[in-house]
Amino acid sequence: MFRSLSLLTASAGLVLGGSLASAEKITGGGSTFIYPVLAKWVSNYEETSSNKINYQPIGSGGGIKALTSGTVTFAASDMPLHPDELEKRGWGQWPMITGGIVLAVNLPGIKDEAIVLDGKALTDIYMGNIVSWDHGDIQKLNPNVDLPDRHITVVHRSDGSGTTFNFTNYLSKVSPEWKSKVGSDTVVSWPTGVGGKGNAGVANYVETIPYSIGYVEYAYALQNNLTVTTMTNQEGKVVKPSLDSFQSAAANADYADHKDFYLILTDQPGDASWPIVATTFILMPEKPSSEAAAKTALDFMAWSYANGQDVSKHLDYVSIPQNVVTQIEKYWTANVTSNGQPVWSK
Amino acid sequence: MKDAPFRLGTRASAWLLILIFAGILASLLVLSWPSIRGFGVGFLVSSEWNPVTKEFGAWPSIVGTIVCSLIAIVLGTILSFGIAFFITEIAPRRIRGVVARLIELMAGIPSIIYGMWGLFVLVPFMATTVQPWLMKVFAPVPVLNQIFGGAPTGVGLFTAGVVLAIMVTPLVSSVMRDVLATVPASMKEAAYAVSATRWEVIRYVLLPKTKVGLIGAVILGFGRALGETMAVTFVIGNAHALTESLFMPTTTIAASIANEFNEATGTLYRSALMEIGLILFVITFLILLASRLLISLTSRQSG
Chain S
510 MFRSLSLLTA SAGLVLGGSL ASAEKITGGG STFIYPVLAK WVSNYEETSS NKINYQPIGS
570 GGGIKALTSG TVTFAASDMP LHPDELEKRG WGQWPMITGG IVLAVNLPGI KDEAIVLDGK
630 ALTDIYMGNI VSWDHGDIQK LNPNVDLPDR HITVVHRSDG SGTTFNFTNY LSKVSPEWKS
690 KVGSDTVVSW PTGVGGKGNA GVANYVETIP YSIGYVEYAY ALQNNLTVTT MTNQEGKVVK
750 PSLDSFQSAA ANADYADHKD FYLILTDQPG DASWPIVATT FILMPEKPSS EAAAKTALDF
810 MAWSYANGQD VSKHLDYVSI PQNVVTQIEK YWTANVTSNG QPVWSK
Chain U
63 MKDAPFRLGT RASAWLLILI FAGILASLLV LSWPSIRGFG VGFLVSSEWN PVTKEFGAWP
123 SIVGTIVCSL IAIVLGTILS FGIAFFITEI APRRIRGVVA RLIELMAGIP SIIYGMWGLF
183 VLVPFMATTV QPWLMKVFAP VPVLNQIFGG APTGVGLFTA GVVLAIMVTP LVSSVMRDVL
243 ATVPASMKEA AYAVSATRWE VIRYVLLPKT KVGLIGAVIL GFGRALGETM AVTFVIGNAH
303 ALTESLFMPT TTIAASIANE FNEATGTLYR SALMEIGLIL FVITFLILLA SRLLISLTSR
363 QSG
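Protein sequences, first through last, are from chains S and U. Letter 234 of the first sequence, counting from 1, is numbered 743 in this note's numbering, and no numbers are missing. Letter 94 of the second sequence, counting from 1, is numbered 156 in this note's numbering, and no numbers are missing.
Certain hints may be false.
Simulated coverage check for chain U against chain S, where a stretch passes if three residues somewhere in it have a Cβ under 8 Å from a Cβ of chain S [claimed, not checked]:
| no. | stretch |
| --- | --- |
| 1 | 177-187 |
| 2 | 202-209 |
| 3 | 213-219 |
| 4 | 318-332 |
Here are the simulated BS3-like cross-link-like pairs (lysine-lysine), alpha carbons at most 27 Å apart as the crow flies [as the list claims (entries may be wrong)]:
| no. | chain 1 | residue 1 | chain 2 | residue 2 |
| --- | --- | --- | --- | --- |
| 5 | U | K116 | S | K597 |
| 6 | S | K839 | S | K804 |
| 7 | U | K116 | S | K690 |
| 8 | U | K116 | S | K688 |
Since the hints were derived computationally from the structure, they do not count as laboratory data. Idealized CB from N, CA, C, for every residue including glycine.
So that you can see chain U by itself, here it is in the shape it has in the complex:
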């Protein structure tokens, strides 16, 4: 009878995970307590970040984190969709293998490499080509000329979003590919048999059948984008400022912590950094919760 120790072992592992989770949350709370007590709820909405006067607020880094990840997931989803459908439905078998290997390879590149590539290759390209072009295109459109305005320095939200999009694509596209592969071949063949085009098969067979899994893939990518640190730090410009333009420098929670923690002297400064860490923790948690809800809703509708 080896069953009892095995059950004990698995149960202990599960409890250990819960304990670690609770431990992280508790230590974040304790370490950020001076800042929570000092600034209260105002910390969430204040745009001030002044280590000299010891006034701190999280709003610019919260906005920067979310907007940056949104840009990444919008661009990344479009790209991943295309890759996943190409691999599962369109590509010949030999090319399929090559593309799939390349995607796996991309997932294995360390994030700091993406950051360096972003800074030395993408930033100058953005500054001299992409951003001036976007500015010219959107110049006559009232709101968009603000969003795509300012000085085209190449550094900022937009570039960070693009680098992140490339980084989340391997993850999102490979999950999507696995999800699409679950659709039985007989269903697709049945659709082709009644002379459906490729697009119609995608639209009326694959999409409805895999909706939940695809949404899951996107959310997974969003979660990854939220916490990405090194690559963003390289290209976002690291300025605690709110900006209406995507071309201006700002910061994210993870980038702020990476930049400032080492030299953060004084209890209040350190606990303010801890508190934005806590906020990131909560944001990620809420997003996972929302995704659970969304998935259970959509699966009920289609089921």
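This is chain S alone, in the form it adopts within the complex:
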């Protein structure tokens, strides 16, 4: 009995060993924003390929650190790096997925999507200028809602986060005061409020503290059944957070004019566009140390662009449009090289 078992495992080991020899095993790390989609892509991809992709959601900053020290083949970051910075590091960059950031509120008696906010009111709340829900500016946006005379508890992220970067980037675009006093980064010096760790931390605080407001990824708001607000966008139209309004913001993105796809999709034009949209970017060395690993990573990404749309849509993320994918694939052939030859070709 035991003997046959050991024989069996030995032969299984032989078979596995044989198939592993030709397969590549690569590691990536970074953004938690992209993780739910990427994890699904990886498991679907591994059914069609012998390659193995191991992605660790350690945060955008962590991913950049890991790529700098060379422990991963690619990093994912919700904050794009500036082309100058990329050139200094010798890295390439392209967008992988887009998603929405929404405002969750805890307002007893007020229904989902019943409150409208605009950029100015939102900035004033996060600035600490508006401290009560029945403030004139909020009331003016919501003439038919009976707003409570209660202190607003502002909730933000306490850890460094690409979500914070995109959110503060939006506030900086709509408010010169925010831009000069606070600015935009993965962690900022918040004028007011409490900090929750991760999207889950913010969602938990919003759920437990009455009359609070916080920003989270759309998926978290959906999963936790949080009450969310609608927003007034750049065109002055009131929009609801949904895949359609995120898509509209992404559709107006003009990557072609931006070197290294350096474009942040907040406050985009378009009647139907949701104002706070975040894109996760992939970072990879332009002269990879392992050609085979780099090729595997790019193969996987090309496969995901082509076959991953259903997964993205199902999880409420917006896929990168086909015309942009074509640009990205051209970018790969032109920039990611080994001994002067492109690592990947279509």
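With chain S fixed as given, assemble chain U onto it according to the hints.
Frame of chain S; chain U shown alone:
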């Protein structure tokens, strides 16, 4: 003769401990050097914590750490005193065992569980019941209405202190219980024989006899409270802000490091986090030193 290798082994263990201690201190110093050089002594008293402009100061997190631990140890000591005296002096033997087991069980609960319980149970209770009540009670009192003022969000120093108090109670009360158990039964019986009440036995026999050990228990609890991380991170609100109200969010050194280290990009930011770690190290060290001093002083007086 097995004596020589045994002596060598124990000596090596002792030296290894000293080496590890020195190694930790040295690596903290080296890693926080950019921040020490960049901000100097001002780092200790600056309230600025701005990763965008790369300006950092430790003052709010130092104050948050110490105040939070003080709240915890004050509440925890009162609770532990009661538990320890109850178990050793008052409770019937059968109940004594049950309470003692429960305390041991509490000590075994991981801190993250306390944090989750704090966030989902204690925070709403604080926000809707305890804090509004305290605000109402202290509203007419000049200074206390500031300390117990602000918006009752349930998140902040006070709640963190309460969660910590519950967490240090098992440790403090079991040490106190062991200390009280060292008092010989004959001494207590002698006091009861001259018709002393229970309170008098506690006040005039147990307390003077065990003073040093009880202080030691409190300091041990304080040291534990200083470095507690996960439970505090859940309920303190994580805002780098000085606050005069106990109900407002602030941060502690350990919570800041847990929150920010993973995404701290740039040398200065990382070394600033390392430096607050170094400060926590020094604070804990000073407190242990002070406790040694206090214990030797009190034992000399009573001895």
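A quick look at each hint next to the structure:
1. Coverage of a stretch by a chain is defined here by at least three residues with a beta carbon nearer than 8 Å to that chain's beta carbons; for the stretch 177-187 of chain U and chain S the count is 4, and the condition holds.
2. Requiring three or more residues with a Cβ within less than 8 Å of a Cβ of chain S, the coverage given for the stretch 202-209 of chain U is violated, as only 0 such residues are present.
3. Check on the stretch 213-219 of chain U: 5 of its residues sit with their Cβ under 8 Å from a Cβ of chain S, so the three-residue criterion for coverage holds.
4. Counting residues of the stretch 318-332 of chain U whose beta carbon lies closer than 8 Å to any beta carbon of chain S gives 7, which meets the minimum of three for the stated coverage.
5. Note on K116 (chain U) and K597 (chain S): the hinted pairing holds, with a Cα-Cα distance of about 21 Å set against a maximum of 27 Å.
6. The hinted pair formed by K839 (chain S) and K804 (chain S) meets the criterion: a straight-line CA distance of about 15 Å does not exceed 27 Å.
7. A hinted pair counts as satisfied when its Cα atoms are at most 27 Å apart, and K116 (chain U) with K690 (chain S) qualifies at roughly 14 Å.
8. Proximity of K116 (chain U) to K688 (chain S) is assessed by CA-CA distance (about 16 Å); at most 27 Å being required, the pair is judged to hold.
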